[in-house]
Amino acid sequence: MPLLELRKVKKIYKQGKIEVPALRGVDLTVEEGEFSTIFGPSGSGKTTLLNMIGCLDTPTEGEIQLNGNRISDLSKKELAMTRRYNIGFIFQSYNLIPVLTAYENVEFAIRLIGSLSEKKMRDKVLNMLEEVGLKGKENRKPNELSGGEKQRVAVARALIKEPKIILADEPTANLDSETAQDVIKNMIKMNEELGTTFIFSTHDPQIMEYARRFINLKDGTISSDKRRK
Amino acid sequence: MFSIRLGFKNLSRQKRRNIITIFVIAFAFFGYLFMESMMNGMEEMSFDNIRNFETGNIQIAHPEYWEEREEFPLENLIHWDHELEEAIGQTQGVIAASPELKFSANLNNGIDEMGVIGLGVIPEKYNKVFQTQDYFIEGSIAVLEDNKAVIGDRLAELMDLKMNDYIILLVRTKEDTFNTIDVEIGGIVRTLNPMMNTNTVLLSLNTVQQSLNVDAGVTMISLQTSEVPEKNIIQSLEGTFKDKGLSIKAYSWRESAENVIAMSAAKKSGIGAIMSVVLLIGMVGIINNIILSGLERTSEIGMMKALGMKEWEIVFVFMIEAMGIGVLGSLFGCLFGYIGVYWLVNNGFYTGAWGDMSQYGIPILDRIYGVWNYPAFSYIFILGVVVAVLSSIVPAYWAAHKDPVEAIYHR
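So the protein sequences, as listed, match chains A and B. Heads up, the first sequence is in our numbering, so the first residue is 92 and it goes up one at a time. Heads up, the second sequence is in our numbering, so the first residue is 88 and it goes up one at a time.
Don't take each hint at face value.
[Unchecked claim] With a straight-line cut-off of 20 Å between C-alpha atoms, the simulated EDC-like cross-links for lysine to aspartate or glutamate are:
#1 B:K96 / A:E235
#2 A:K105 / B:D490
#3 A:K276 / A:E253
#4 A:K317 / A:E284
#5 B:K102 / A:E235
[To be verified] Ranges of calculated distance between the beta carbons of each label pair, as one might list FRET restraints:
#6 B:L382 / A:R161: 44 to 50 Å
#7 A:T120 / B:H497: 28 to 34 Å
#8 B:V481 / A:K167: 16 to 22 Å
#9 A:E152 / B:V364: 51 to 57 Å
#10 B:M370 / A:D267: 44 to 50 Å
#11 A:K309 / B:H497: 25 to 31 Å
Read the hints as simulated data drawn from the structure, not as lab findings. Nothing here was measured: the structure is a model prediction, and the numbers come from that model. For each residue, glycine too, the CB sits at the ideal point set by N, CA and C.
Based on the sequences and whatever the hints tell you, model everything.
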């Protein structure tokens, strides 16, 4: 059974009386452990597609199944619970909480799951920060970290709860090429070590090269879907 | 709980705005506590001054006289004799009784004339009920025995009178004929009751009774009582009067002070209005804070939603933040309030600049002292925190209700 399945997913935004289609019937299947990129020009629907998969938005038409559960018809509360337990997000602008330290930003995500003892939780957060190369910087606040370090905190935050899938919307867009490659390599490492499924969108051909599956989105439809041989 | 920690940590953001809100709340609460203390102090002082200089704790009068007492009639008087004095004195709870004959008169100093209230008293008995003796600037109440008069310092100033000057009181007798009382000023008082200082002339009861031709009549008898509840004493007295076939009644000082008590009731609604304004200030401050925080943290709220936080969990974070502001605002408010009330209790608030307080019907001289009302501190603290939390709910819900996609990509 595939981890993620989209069937004829359409999303139409209404701007007054005008209907603007963002996705025009997307069919997509993603298996567990894949490391995929969605690329395409601006306005092709990459972010809309990630939002649908990430339960942040619901399709106008079509069906989405995550881990065998139909998520396209869930209520707001059920979508929130699906995001909490199954989905990790990495955003272009990191979206860290500025008053919390790197440790606390990561801790925040695992606290929402709340199934571990204090000691295990602490060990897990520290291990995760070490995994993403932030050992010794646990107590730094976001304004004391570089862009790459901030994005690593975001990666750790997404991974800490061991979600089924991590969605990254242009995760390297705000980083210089060296830091961007560093972050993407970190994501690959996590994908290989933990088997977490990653889907990320990008414009950067250099970053794209690290993916094992390439989904090209054009005018709201998938124009090509290739796997690295 | 992590949300509590996050809520409190959020207080360190927008420090300037939070500090302003905290201090706005603190000063509003300070204002409330200060005003409340001053108004309660004013009430307490007014009541004390009425009891200590005008009425005693209980007054005895004919019901018909009581109804018209503001007109100072010389009808329906009480016949003051040894038997009545003994009957009153034997009533449980009565410490002392002072008969008085109150009348209206025109005071003439040879040049000017002004309306005054004359009061005939027996000095020895008067001293056991009232505190006037402690406030003599010159002379003493004993001079009444020598057919001299005692006046207030303000009256002396107004009529340009001093010790040993002679005054003429033009009065109407019981038969409505004119008569005069010529007396020398033997004492000048400055009591805490401005009415006493401004328009009262104390005379010997005998002199007044003869001048008004009322025999042994007195208008009222003022009583000093012990800790026995007033209600019980009044009941006992009225039982005694009934047994003796006397058509006189006993009245609590509160009935004499009904105007001041009415003002006190108005004061309570005034305090309520102040409280409403104070709470409104706090509410506006908190609502403003949460709305601005919600706007500034839109993308952060989006991230929280992406992490799977439910709306009420996000609302809870904002509520904790509002509670923090409420707690700090209330704490500082109580602290400033404590300092203000301490000053008011010990130094008093000088009201001389407002003129004679008696003009406004408040029997206080020139300085209002506050009183401590500790429950008001805990009350305002709890109310401040509760209002802060409650007023944060709607703006916090508004912030948490944002569409997650729009919130995340908000710039």
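These are the hints, each one checked on the structure:
1. B:K96 / A:E235: 17 Å, holds
2. A:K105 / B:D490: 15 Å, holds
3. A:K276 / A:E253: 18 Å, holds
4. A:K317 / A:E284: 24 Å, violated
5. B:K102 / A:E235: Answer holds: K102 (chain B) to E235 (chain A) is near 19 Å, not above 20 Å.
6. B:L382 / A:R161: 44 to 50 Å: 36 Å, violated
7. A:T120 / B:H497: 28 to 34 Å: Distance hint for T120 (chain A), H497 (chain B) holds at roughly 32 Å.
8. B:V481 / A:K167: 16 to 22 Å: Since V481 (chain B) and K167 (chain A) have Cβ atoms about 19 Å apart, the given range 16 to 22 Å holds.
9. A:E152 / B:V364: 51 to 57 Å: This hint holds: roughly 55 Å between Cβ atoms.
10. B:M370 / A:D267: 44 to 50 Å: Holds, since M370 (chain B) and D267 (chain A) (Cβ atoms, about 48 Å apart) stay within the stated range.
11. A:K309 / B:H497: 25 to 31 Å: 27 Å, holds
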